[in-house]
Amino acid sequence: MQQTWIVSVCAAVLVALYVYGAILWCIFAYRRDRHEPQEFTGNPPLEIFYAVLPLLIVIGLFLVTFHDEMPVDHVSAHPENRVDVTAFRWSWRFGYDGDRIRTIGTPLSPPTLYLPIDRTTEVDLTTTDVNHSFWVPAFLFKRDAIPGMTNVFDLTPRKLGTYLSRCAQFCGLDHALMTFQVKVVPDAAYDRYIASNGVQKP
Amino acid sequence: MISWLTATDHKKIGIMYIVTTLFFFVVAGLLAMMIRAQLARPDNTLLAPHLYNQIFTLHGTAMIFFVIAPFGLGLANYLVPLQVGAPDMAFPRLNATSFWLFALGGIIVFAGFATYGGASAFGWTNYAPLSEISEGTGAGQDFWIIGLLMASVSTILTAINLTATTFLLRAPGMTMWRVPIFTWEMMATALLILMAFPSLTAVLFMVLIDRHLGGHFFDPAYGGNPILYQHLFWFFGHPEVYVMVLPYFGIVTEVIATFSRKPVFGYVGLVISAFAIAGLSIGVWAHHMFTTGAVSNPFFSAVSFLIAVPTGVKFVNWIGTMWKGSIEFSTAMLFSIGFLFNFLLGGITGVMVASPPIDYQVHDSYFVVHHFHYTLGGGSMFALFSGLFFWFPKIFGVRLNERLGKWFFWLMFIGFNVTFIPMAFMGLEGMARRVYTYPNVEHLALLNGIASVGGLIMAVGVILFFVNVFVSAFAHVPVPANPWGGYSLEWTTSSPPPEHNFETMVPINSRRPAWDAMPQRSPT
Chain A
1 MQQTWIVSVC AAVLVALYVY GAILWCIFAY RRDRHEPQEF TGNPPLEIFY AVLPLLIVIG
61 LFLVTFHDEM PVDHVSAHPE NRVDVTAFRW SWRFGYDGDR IRTIGTPLSP PTLYLPIDRT
121 TEVDLTTTDV NHSFWVPAFL FKRDAIPGMT NVFDLTPRKL GTYLSRCAQF CGLDHALMTF
181 QVKVVPDAAY DRYIASNGVQ KP
Chain B
203 MISWLTATDH KKIGIMYIVT TLFFFVVAGL LAMMIRAQLA RPDNTLLAPH LYNQIFTLHG
263 TAMIFFVIAP FGLGLANYLV PLQVGAPDMA FPRLNATSFW LFALGGIIVF AGFATYGGAS
323 AFGWTNYAPL SEISEGTGAG QDFWIIGLLM ASVSTILTAI NLTATTFLLR APGMTMWRVP
383 IFTWEMMATA LLILMAFPSL TAVLFMVLID RHLGGHFFDP AYGGNPILYQ HLFWFFGHPE
443 VYVMVLPYFG IVTEVIATFS RKPVFGYVGL VISAFAIAGL SIGVWAHHMF TTGAVSNPFF
503 SAVSFLIAVP TGVKFVNWIG TMWKGSIEFS TAMLFSIGFL FNFLLGGITG VMVASPPIDY
563 QVHDSYFVVH HFHYTLGGGS MFALFSGLFF WFPKIFGVRL NERLGKWFFW LMFIGFNVTF
623 IPMAFMGLEG MARRVYTYPN VEHLALLNGI ASVGGLIMAV GVILFFVNVF VSAFAHVPVP
683 ANPWGGYSLE WTTSSPPPEH NFETMVPINS RRPAWDAMPQ RSPT
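As you go down the protein sequences, you meet chains A and B in turn. Quick note: the first sequence uses this note's numbering, first residue 1, plus one each step. Quick note: the second sequence uses this note's numbering, first residue 203, plus one each step.
In isolation and in its complexed conformation, chain A is listed as follows:
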């Protein structure tokens, strides 16, 4: 995913510098007091060149994007772990181990989602009322929760830590308070959490 970001930002900066440069050149070189106008109404070869060039750029960007999106969207047939995430106005419910161990938050005490490091966790995302969106900015990822369907995706966190996360899709009155924490923990601590029925928090 980071590759798309790097390529896109580089392309953006290069195109911006080139076009801003051309505009600034016009502003400085062709001021009324410095330059008499030259009459011409077009330059077809140049226009075609500048239509093909952006076409090639966006084809390149699309290929990079497409190549990067496949692993992000890929859902493993045999995930090493599974959690149920249920969004509701205005907090979250997290269910572990076949929804046996549950954490339910409120807007004023946001819940924490524990994820084991380096393991692929399948998230089954649903909502009980309106559209929401599960967003972990640190993972560069979000996915919507939509009434009537279950959205399934994989998360494989690679860094220990606690990450502030939130609902991204506007869902009414207290949307602003619909936050949660994602805590990426070592395998052993996660297993202890499940084995103790959620008593020993990692």
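Calculated directly from the structure, the hints in this document are not laboratory data. All values derive from a computational prediction rather than experimental measurement. From the three backbone atoms N, C-alpha and C, an ideal C-beta is built for every residue, glycine too. Treat each hint with caution, since some may be false.
On the chain A side, residues computed to face chain B include the following (Cβ under 7 Å) [said to hold, decoys possible]:
#: 1; residue: Pro-45
#: 2; residue: Ser-76
#: 3; residue: Arg-93
#: 4; residue: Phe-141
Quick list of the computed label-pair ranges, beta carbon to beta carbon [said to hold, decoys possible]:
#: 5; chain 1: B; residue 1: Pro-700; chain 2: A; residue 2: Ala-29; range: 24 to 34 Å
#: 6; chain 1: A; residue 1: Leu-24; chain 2: B; residue 2: Val-669; range: 23 to 33 Å
#: 7; chain 1: A; residue 1: Thr-128; chain 2: B; residue 2: Ala-316; range: 26 to 36 Å
#: 8; chain 1: B; residue 1: Val-669; chain 2: A; residue 2: Leu-46; range: 16 to 26 Å
#: 9; chain 1: B; residue 1: Pro-374; chain 2: A; residue 2: Gln-38; range: 27 to 37 Å
#: 10; chain 1: A; residue 1: Ala-29; chain 2: B; residue 2: Phe-501; range: 16 to 26 Å
With the Cβ distance kept under 8 Å, some of the chain A side facing chain B (calculated, not the full set) [claimed, not checked]:
#: 11; residue: Leu-61
#: 12; residue: Phe-66
#: 13; residue: Val-72
#: 14; residue: Cys-171
#: 15; residue: Leu-173
#: 16; residue: Ala-176
Knowing the structure of chain A, use the given hints to seat chain B on it.
Leaving out everything else, chain B in the frame of chain A:
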């Protein structure tokens, strides 16, 4: 007064459109200032959540449906008959109907504030099922739907009217390949409106039926589908952003050509690219739905990327028009150059968000707020003022003060960028859009503080603009028919034009009839 209420003259209706959109612009601006006041500090409690949600909803609704889109249509109402050499629009009474539907629709939307439960509070996207339940059960939400239905029908009628006028009422000699670019852009806009707005009309009715007549279009418990709402809404919603941009492309083209003292560079390319944008924009709607997991992301990503190509063609043509020209930095030209600077950034971030892996992070975040304000605010709004300064003397017979105008431009340009550059970084730091408060983490407090200061700078600019209007109106220096050396037909008639537009018609032998008719030039 009565003569205005019963007016069917396209010029009077055009003026009423412009005045009404400027009124809603001020209202929407005040709402924006409240948003910036609330978000100036983290954990702020200035505005209650429900009130804040109404404020950002009506800010977006007003700017989109009652300022940016109708200003383009209103200006076209004034200009298209003049530019093609017609005495009026093809259907003058239909034209009056359009205006009154639009104006009353706007008033009805805002009347929601006076109802129990307040105005609509679901964002301009008004997603179902959210808009069908809970705090939206008051009349304010129905006011919003009905007001938008009126605006939607009004827009469709105007699109028909503009198309008929351009195709049927052109003066002798005004072939389609001599029609000014502004009028061409309006043709592409009208085509888009006719394809997209019926979808909005339909989806608004469906929400209304769901709310009051027990429909279940978007309720999965009864076989409905919330994704259907998003498809129908964005099938309208993405073409709508081009309805809010293409007319302004037209304004910028005319202004840049006039103040560079050169003919438009690549006229045919500009026309083709307008229709290419219109055509492609019909097939990109689900890029607003990349994170739903319910659409083909690669398809909609590819089409969205492609829109950059005709938009790039336009930039080449604008720069080509300035190239080796003789540029005069009038206020109108400054705003068009400001448009180029801002819109370019909005376009580039637009290419970034066309990529689903990037969109997974920035969707519904302040990065997207940054992106679309650069296209519609820094882009269309700057072009709006460019057009206003350019055609003000033609419409009202007096020139706006250039010195005050340039102050206004610099305040807007600086204020705009100070407000909206920080928003890109807020989004990347995890700030979601449509939140009434945010925690004091990372740099959010600093970035939001800067953005609020930028908002104040723009507010001072807008006040200066209205001061300018009053100062210029009182000074009342009469202007000649063609104060800027403009090219198209409207500059050959008096300022303001007589009742049926033209006392005499100049010969139309090129794309620049007014230029050919200038006394110091011998017609070629």
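*Return the status of the interface hint for Phe-141 (chain A): holds when the least beta-carbon distance to chain B is below 7 Å, violated otherwise.*
Since chain B brings a Cβ to about 5 Å from Phe-141 (chain A), closer than 7 Å, the hint holds.
_Hint Ala-176 (chain A) vs chain B: min CB-CB distance below 8 Å?_
Holds: closest Cβ of chain B sits about 4 Å from Ala-176 (chain A), inside 8 Å.
*asked:* Verify the CB-CB distance for Thr-128 (chain A) and Ala-316 (chain B) against the hinted window 26 to 36 Å.
replied: The hinted range 26 to 36 Å holds for Thr-128 (chain A) and Ala-316 (chain B), with Cβ atoms some 33 Å apart.
*Do Ala-29 (chain A) and Phe-501 (chain B) keep their Cβ atoms within the hinted range of 16 to 26 Å?*
violated (43 Å)
_Proposed interface contact between Cys-171 (chain A) and chain B, which counts if any beta carbon pair is under 8 Å_ = It holds, given that the least Cβ distance between Cys-171 (chain A) and chain B is near 6 Å, below 8 Å.
*Between Val-669 (chain B) and Leu-46 (chain A), does the C-beta distance stay in 16 to 26 Å?*
violated (44 Å)
*asked:* Does Ser-76 (chain A) hold up as a contact with chain B if the rule is Cβ-Cβ below 7 Å?
replied: violated (16 Å)
*Taking the least C-beta to C-beta distance, is Leu-61 (chain A) closer than 8 Å to chain B?*
Leu-61 (chain A) check passes; min Cβ-Cβ to chain B is 6 Å, inside 8 Å.
*Taking the CB of Pro-700 (chain B) and the CB of Ala-29 (chain A), does the distance hold inside 24 to 34 Å?*
About 42 Å separates the Cβ atoms of Pro-700 (chain B) and Ala-29 (chain A), which means 24 to 34 Å is violated.
_Given Val-72 (chain A) as an interface hint, is its Cβ closer than 8 Å to any Cβ of chain B?_
Where the cut-off is 8 Å and the nearest Cβ of chain B is about 6 Å from Val-72 (chain A), the hint holds.
*asked:* A closest beta-carbon separation below 7 Å is what the hint needs, so does Arg-93 (chain A) meet it against chain B?
replied: Violated, because the Cβ-Cβ distance from Arg-93 (chain A) to chain B comes to roughly 19 Å (cut-off 7 Å).
*Go through the hint on Phe-66 (chain A) and say holds or violated, using the shortest Cβ distance to chain B against 8 Å.*
holds (6 Å)
Hints 1, 2, 3, 5, 8 and 10 from the list above are not met by this structure, while the remaining hints are.
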